[in-house]
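Listed in order, the protein sequences are those of chains A and B. The numbering of the first sequence is our numbering, which starts it at 84 and goes up by one. The numbering of the second sequence is our numbering, which starts it at 22 and goes up by one.
Careful, some of the hints might be misleading.
The list that follows gives simulated cross-link-like pairs (lysine to any residue, SDA-like), each with its CA atoms no further than 25 angstroms apart [claimed, not checked]:
(1) A/K279 x B/T140
(2) B/K211 x A/S210
(3) A/K422 x A/G341
(4) A/K291 x B/D274
(5) A/K257 x A/Y358
(6) A/K291 x B/G206
(7) A/K356 x B/Q342
(8) A/K422 x B/Q342
(9) B/K205 x A/L340
(10) B/K434 x B/Q342
(11) B/K221 x A/Q450
(12) B/K211 x A/I250
(13) B/K211 x A/K356
The following residues of chain A were derived to be distant from chain B, with all beta-carbon distances above 12 angstroms [as the list claims (entries may be wrong)]:
(14) D178
(15) F180
(16) L187
(17) T200
(18) A237
(19) Y304
(20) I305
(21) L332
(22) G341
(23) P442
(24) R456
(25) D506
These aren't lab readings, by the way, just hints derived from the structure by calculation. For every residue, glycine included, the Cβ atom is placed at its ideal position computed from N, Cα and C.
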Amino acid sequence: MSPAWTSLMSVANVVRCRRFIGRIAADSLKSYRNYTTRLKPRTTVVASPLTSSLNVAKHSIITQDVTRCNIVNLRQFSTDGSISNVLTEEKEDIDPFSLVQDDLNHLCSNIKQELRTDVGCLFDISSYHFDGMGKFFRPMVVLLMAKACNIHVAYNVLDDSGSKGSIPLSSSQKVIAMLAEMIHTASLIHDDVIDKAEMRRGKPTVQKLWGQTRAVLTGNYILAVASIALARIRNEEVVTVLTQILEDLIEGEFMQLGSKEQENERFSHYLKKTYKKTASLVANTCKAVAIISQCSENVIEIAFEYGKHIGIAFQLIDDLLDFISNEIVLGKPASADLKLGLATAPVLFAAHQYSEINPMIMRRFSQPGDIQRTLELVAKSDGVSSTLFLAKEHCKEAVKNISQLAASRERQALINISHRVIDRLK
Amino acid sequence: MLRLLSSYGNMFSSRATSLSSAYRLASEFGTFGGNFLPRSPAAGSYLLSTVNPYPRRSVFSLWGGSKATEWSRAVSEAEKIVGYSTSFLSLRCLLSDELSNVAMQMRKLVGTGHPLMKTARRLFYDDPHVLQTRGLLVLLISKAAGPTPNNSESTDGMTSGIYQSQRTLAEIAEMLHTACLIHKGLVNIKTEPLNGDALKDMEFGNKMAILSGDFLLANVSSGLATLNNTHVVEIISSALGDLMKAEFTRLRDDECNSIQPRDGATVEDWELQTFYSSGSLMAKSCCAALILADHPKRLQDAAFEFGKQIGYAHRLHQEIQQLVTDNDNGNDLTAASLPAILYTQEHHCINRQCELLAQEPISSKQVLNILKSDKEVLEKAKKMCSDYGQSAFSALDLFPKSEAKNALKKIVKAVTTF
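This is chain A alone, in the form it adopts within the complex:
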């Protein structure tokens, strides 16, 4: 292994000793990114979504040499004829959050308005997590996608690139953003009861403060209110798309209950579960706003694909951070996945190199010392870096999809989000 590689691994070890805070993690990730862009890129580009990125990931596992992986600089996209050149110019200028800040600021108060009820402490409990402390990642993506789609439709209809001016968001699209956050929060509340979690976003969970029964019932109440708001949009297609999310969420939970015996199946099972639990929400809400903006089928598909890849990348980074970050930064305890017996991407990658992890996966890290040993082995292996690589591949795929929309600040913001997904600390 090259010296830079060994130094990266030793840095990762140090981080895991919890002596450094997230700043070190960020540095190590950033240095990794700079390191890889200096490499000579290959010419083949990952063509189609999930399966081919899985194949590339598998390829990297088999060759066990991350340095020869297919890392294409973003700049290369701009030379491809089908994608506009707007990409590289304003890359660093647009802050995605600021473009939709007004709408996001009102998001929480709008949600609380919907939840308002006189019945006992139901309102207090249900609005507990809508206090503005969340990352608002999902509503942000949804709102930006809505604007980007609206602009795309406007360009195609009016066929003039002149008025980039304010193409408004329809109120239905704002409701979809609200629903994204509400469904996400409701599922978080239920997950916290199932996982017996005590902290979330830096404060005690609902189930710790009010008990399991009330937590679950409150989650259901939030879902009920969300469904009412969804119905009021009066669009049956959107209702179908969003109910798909609920089905996928629970299917993902059930998938998590069982574990696959075959190692080959494990990774695809993990990716499918990741889609169901995380990406489905982002993908389907993006699809919903595209439907509302009356885009063509093609654009709706693009919105869905973008959401899907961003969602999977987001979850992969989440799983990665669970390994290398610490409690203060994350707002919730780290190594939570291992403690729950879940084998996430870094572990699965490491299991290819160190087969002693496999029986530990099968018994869900239940024996004493399992978790510690797994952490050590993942540190020694290229599990973390492979996960990072896979996340980047998905981001690239997302960018490739979204670049087909008409140029706009919102589209650029969506592209920048893919960088943020990789660079984030919590």
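Could you slot chain B onto chain A? The hints should help.
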């Protein structure tokens, strides 16, 4: 699937007949083409509606009491009118891949006393006192309202006088009720002093309960989406909201147990509680059934009113039954029941010490002991029950004369006679 059903049977009963009844049950389903399970309720109800229109009542007698009470007679006749047995509506959705996964894991819960086992047992045994008739009422009222007024001559798309979408709605209502029942049966870990294995069991039971309930709710949502009617989605979602609100009212404490608050409760409190916990689902699903067939608003409102009043009547009927009979039908008389509230009001317990106003929930036995001595309360409660029945009757006036309407009237009568 046979093996699965027999495992259910073995889990919930040690009676030797359980296995044979499980097989009988399986063969009942076996008549529906042998393969299982249609994930979408629509497909499932289509199967049910086209095959085996008059199921044998003997299956019920194996699983529960076969007393020819007025109630079971009314239900039995009604089921003939709508075309099939409705008690299995919630059962069918339980037999899916995900929930069979849960069922296998639930073996670990046998003997732990987790409420999930009790809920599951209630779902399998056709207890004549358990109102599994949300679905039945929806079907009856759909039939009573008749075909859509836009095209009242044609009966296209109707089986036994009920549209497919209305049958789907009936199943959705039952699934929603089952999901809420399962979710309410969670154990609050911090209040129960548990440790070691007992704690693990309860946590595991909670996990299974949450997952099963969520699965059913997800099915409810996708079922609603197939109906292609956002007004129905809205109204059924608000019913779900009401069911949740029911656990946070004045008549519930922090652990969702039934109590009277320190300053006493009123009849309005009880009515609101009953509406949230059972009336709302009945009223809104009856109303939604008529929305699906495009009936005029006044008929929808009448259906809503009917559902609401019969919700009150049935709940009060259950509470009064606890006072007059000695059976334990699983519905405990609590301090928040209407007879208890009437007693509290009558004896002006706000000024004096009254056990019914204690903040901690008191046992059903104690409540019974206090109330049994008071004849006035019983008479008052019976009068109120028949008043609710009268309101239900008058709500039905707008509906044309039909077999289904008579069946509904018989059901109302069954819940208002003692």
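**Request:** Check each numbered hint against the structure and report the violated ones by number, ascending.
**Result:** 7, 8, 12, 13, 17, 19, 20, 21, 22
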